[in-house]
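S.K.: Take these sequences, add in the hints, and give me the full structure.
Residue 179, in our numbering, is where the sequence shown stops; the numbers in between run on with no holes.
If you're looking for bench data, these hints aren't it; they were derived computationally from the structure. Fair warning: there could be bad hints in the mix.
What the hints assert, rightly or not - Once the Cα atoms are required to be at most 20 Å apart in a straight line, the calculated SDA-like pairs of lysine to any residue come out as:
1. Lys169 - Val101
2. Lys73 - Phe136
3. Lys73 - His138
What the hints assert, rightly or not - With beta-carbon atoms standing in for the labels, derived distance ranges:
4. Pro176 - Phe152: 18 to 28 Å
5. Met27 - Leu170: 36 to 46 Å
6. Leu174 - Glu43: 38 to 48 Å
7. Arg153 - Pro176: 34 to 44 Å
8. Ser31 - Pro176: 50 to 60 Å
9. Arg30 - Thr146: 11 to 21 Å
10. Gln58 - Phe152: 26 to 36 Å
Ideal placement from N, C-alpha and C gives every residue a C-beta, glycine not left out.
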Amino acid sequence: MDLRSRVGAHPFLAEMEPPHLDLLAGCASIKQFEGGEMIFRAAEPAKGFYLIENGSVALEGSVFEHGAITTEILVAGEPLGWSWMFPPYVWHFSARATEPTTALFFDADFLHRYCNEDLTLGHQLFRRMSQVMVRRLQASRTKLIEALKPTTK
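M.R.: Set out below in C-alpha cells:
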C-alpha cells in the first residue's frame, strides 16, 4: 500500500477531505520501533505526531518518588502526540513501544505551515486532537490519583 493510501486508511483521519489527506501524505513518513524502544521523552522537542498502524505504545509520566508510571497503552488505530500543536512544542509525556510498532509520522514544521494556509485543515486536526487530549488527560489523572493513594498494610 502506498503512503497516501496508508494515510487515508487510518481511523484517526476518517472522513477527512481528499485534498487534506494529500497534504498530510506529503509530510508523512513511516517509522518502525522495536519493543522497548523510546519513541520520545518528556521535555524533548515535539517535532510532529504519529498514527499507530500496528503494535502498541506506552505513555509514561513521572510522579515524584514513584518514578515512571504508564498512564495509557495506545494501540493500532490511535494517534500519538499532540504537543506539536502548542508552544513551547515539547512532549509532556514519554512514549515507549511495548512491542514492534509501525506508525505514520507527520512533520510539525509542514503541519504548522499547512494549517496556517488552510484553516479548514487546521480546524479538522485541532478538533480530532482535542478529543484525544480530553481522553488522555482524564486517563492520566485517574492513573496519577491511583499512584498517589496511600497503600494500606
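S.K.: Take the hints in turn and mark each one as holding or not.
M.R.: Verification of the hints:
Note on lysine 169 and valine 101: the hinted pairing holds, with a Cα-Cα distance of about 18 Å set against a maximum of 20 Å. Note on lysine 73 and phenylalanine 136: the hinted pairing holds, with a Cα-Cα distance of about 10 Å set against a maximum of 20 Å. Only pairs whose Cα atoms come within 20 Å are accepted, and lysine 73 paired with histidine 138 is accepted, the gap being roughly 11 Å. Between proline 176 and phenylalanine 152 the CB atoms are about 39 Å apart, so this pair departs from the stated range of 18 to 28 Å.
Take methionine 27 and leucine 170: their Cβ atoms lie about 39 Å apart, and the range 36 to 46 Å holds. At roughly 44 Å, the beta-carbon separation of leucine 174 and glutamate 43 lies within the given 38 to 48 Å, and the hint holds. In this structure the hint that arginine 153 and proline 176 lie 34 to 44 Å apart at CB holds, the actual value being about 40 Å. The hinted range of 50 to 60 Å is satisfied by serine 31 and proline 176, whose Cβ atoms lie roughly 52 Å apart.
A hinted range of 11 to 21 Å holds for the C-beta pair arginine 30 and threonine 146, which are about 19 Å apart. Taking the beta carbon of each, glutamine 58 and phenylalanine 152 are about 28 Å apart, inside 26 to 36 Å as hinted.
The earlier numbered hint that this structure contradicts is number 4, and it is the only one.
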